[in-house]
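K.L.:
Listed below, chain by chain, are the residues.
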Amino acid sequence: MLEIGGLSKRFGSVQALDGVTFSVRPGEVFGFVGSNGAGKTTTMRIVLGVLSADAGEVRWQGRPVDADLRRRIGYMPEERGLYPKMKVGDQLRYLAQLHGLTAAEAGAAVEQWTERLGVSARLGDEVQKLSLGNQQRVQLSAALVHDPEVLVLDEPFSGLDPTAVEVMSSVLRDKAGTGVPVIFSSHQLELVERLCDRIGIISAGRMVATGSVEELRARDGRVVLDVEGPPPGWADGLTGVEVIASPGPATRLRLGQGTDDQQVLAAAVAAGPVHEFRRWRPPLTELYRDVVESSAPTAVPA
Amino acid sequence: MSTPLTGRQAIMLVARREFVTQVRSRSFVIGIVFTLVILAATAGVIVFVSSQTEGRTLGVTPDAAALGPVLEQVADQQGVALALDEVDSGTGRAQVGADELDALLSGGTGGYQLLYRDAVDSTLTPVVVAAAQQQALATALADAGVDPASLTAQAQVTPSTVEPVDPERGQQLAVALAGTFLLFMGLQYAAGVASGVVEEKQSRVVELLLATIKPWHLLTGKVLGIGAAGLLTMVILGAVAAGAAAALGLLTLPTAAVGMLVMVLVWYLIGFFLFAAVYAALGSTVSRQEELQSLIAPMVFIVIIPFILTLNLLPNDPRNPILAVLSFVPFLSQTVMPARYALGVAPLWEVALSALIAVVAIFLVVRVAARIYRNSILRTGARVSLLEALRSR
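From first to last, the protein sequence lines stand for chains A and B. Mapping of the first sequence onto our numbering: position 5 corresponds to residue 5, and the numbering continues sequentially without gaps. Counting the second sequence from 1 gives a position; our numbering is that position plus 1000.
Since the hints were made in silico from the structure, they are not lab data. Nothing here was measured: the structure is a model prediction, and the numbers come from that model. Please note: incorrect hints may appear among the correct ones.
[Stated by the list, open to error] Counterexamples of contact, computed for chain A against chain B with all Cβ distances above 10 Å:
no. : residue
1   : S23
2   : R71
3   : R80
4   : G118
5   : A204
6   : S212
7   : D236
8   : R254
9   : H275
[Unchecked claim] Below 25 Å or equal to it, Euclidean Cα-Cα: the simulated SDA-like pairs (lysine to any residue) are:
no. : chain 1 : residue 1 : chain 2 : residue 2
10  : A       : K85       : B       : L1353
11  : A       : K85       : B       : A1081
12  : A       : K87       : B       : V1080
Just so you know, even glycine gets a beta-carbon here, dropped at the ideal spot from N, CA and C.
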């Protein structure tokens, strides 16, 4: 288990991280979401030891992460982090060797991963000659060539076309399938929802929610229903029911604690023919907005 | 399957990448060829100019021909290579006009005429004047019944020097200047450390590298790799230049040249480490290549100033006191001291002392530079002030 415990980091007058705590289990894909400047990159850089924390620690399998353990983490920094004028193959072999592979092992691993990620034809080209998407694939290869025990990827999906997104997703799932914990950050919440086992939401340097999408949905414990059929305004005045919105022909209701959904159904049937009556499962985008809004009740200080 | 790298393995991997990248780059080969062309052109100009000024051909008309033996004698005394060519007045004039003769001497006792094309030669004129005076004197002495030979015997002057005359001064100067030039070229490689550091920072690849190796290993490997590429350049240039000079018969002091080459390589390493450390520290504080230029401009002056001073002052004044002092100052000594040594004005103990001072400077500079590098290499965005980089942990 990769445990991130109580990380704090201050840059001058800005508290970038304030007690960030979460854990990622082996074989789990963990999505790390939050607005720009919320602390995602800072957290990842501390995990990689590229930045030192003011407080807190990172543990892998019960041991604090030191230089030797870090070597076994696969890392993809935000934006690209490759020598623009170095050839793809030379570059990947070099990085693999810096992680402790022999020249022969490095060669084999480079071949395997560039094949898998669809950039094996570009091994002899300089990185700067590749499209942004292909550079990103090379970047992921760089994170994978040393067969890491942990993957930490900062914005791996930004700027990728749909095909590349599919390839990258399947690689991440496969790595997780071999027992590797995978953390990645992204602003593409639909993708995070589809790909991740668990999600962590960070806001202004604090983790405001962690868990599976289901767990995040269950957080406030109340049921939301979409009812289609009865005329508009049919639910106004029902006790224990709050009308949130009327998207299209349906009415969206939030039920208060302890309100019986069967009574609501009966009221709906009484008001008109009911064509649809179903539990609304908010997508991550909605959950994210709610979580971030409720966690920041006061205005951001100037 | 993967085993942790030792510090030395990490440094070697980084150094090998830097070396291979440098040597494979187009600018490496172009730089060597370009430098060789400049060296050859400079040597060619020197040879041409010296051949131009060496000997003089003086046309002598039949009526002035009697002065011939005296002219040859005086020219010999004054160290002027003089050839006489007996021509009639008309042909002589034409040949002076066509630059085939340097001057034409006509007339006779009581009225010699010396004719030039468009400028009076300050070397040839005194020779002719002295010859005419000597001949007049000899005639007068003979008329007075004095033997000119006994007069000459009484007026004997023998020049000598306190230290033995060094017949190879010209060679030494050429070797000294070639060495100084080589060192100047080699030190340009140190600036490559700055742009290499910025390249890693700008492309963010440094984050990837420092997630697996230590800043100290990355910095050391980079300096060693680029330094080795510079060393290879100098060896190639030095060998080609010395080989060509020997083949053309210009170099008659092979041991002096080899000695200077060794001296140049040692001082290259000293100068390179000193400058590379500073360049690495400066490079680590900026995030983009564009910001680098203004930052390293002062360093370029520190490289150029001793180079210019050495080229201008040393040939005429090897014992120049200013250069003697500068040859002990770190950052300057690597350019000045080897030239002083090649000219034979700095004994080995002075060279060793200056080198020792420079090595102490390297230790101090590297410590400070490594600290700045470590504290600023991962800070992107605005330029990191040097004081801030020194203060933070």
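K.L.:
The structure should be examined with respect to each hint, and the outcome stated for every one.
P.N.:
Now for the hints, and whether the structure bears them out:
1. Residue-level check passed: S23 (chain A) sits 21 Å from the nearest beta carbon of chain B, beyond 10 Å.
2. Once the 10 Å rule is applied to beta carbons, R71 (chain A) is inconsistent with being away from chain B; the minimum gap is 5 Å.
3. Residue-level check failed: R80 (chain A) sits 7 Å from the nearest beta carbon of chain B, not beyond 10 Å.
4. Taking the minimum C-beta to C-beta distance to chain B, about 21 Å, the non-interface status of G118 (chain A) holds against the 10 Å cut.
5. Separation of A204 (chain A) from chain B is adequate, the least Cβ-Cβ distance of about 20 Å exceeding the 10 Å criterion.
6. For S212 (chain A), the shortest C-beta to C-beta distance to chain B comes to about 29 Å, beyond the 10 Å cut-off, and the non-interface label holds.
7. Every Cβ of chain B is farther than 10 Å from the Cβ of D236 (chain A); the closest lies at roughly 54 Å, confirming the non-interface assignment.
8. At the 10 Å boundary, the C-beta of R254 (chain A) stays outside the reach of chain B, the nearest C-beta of that chain being 44 Å off.
9. The non-interface label for H275 (chain A) is consistent with chain B: the shortest C-beta to C-beta separation is roughly 54 Å, beyond 10 Å.
10. A C-alpha spacing of about 43 Å is found between K85 (chain A) and L1353 (chain B), which places the hinted pair above 25 Å, so the restraint is violated.
11. Annotation: proposed proximity of K85 (chain A) to A1081 (chain B) is violated, straight-line Cα distance about 60 Å (limit 25 Å).
12. At roughly 64 Å between alpha-carbon atoms, K87 (chain A) and V1080 (chain B) are farther apart than 25 Å, so this suggested pair is violated.
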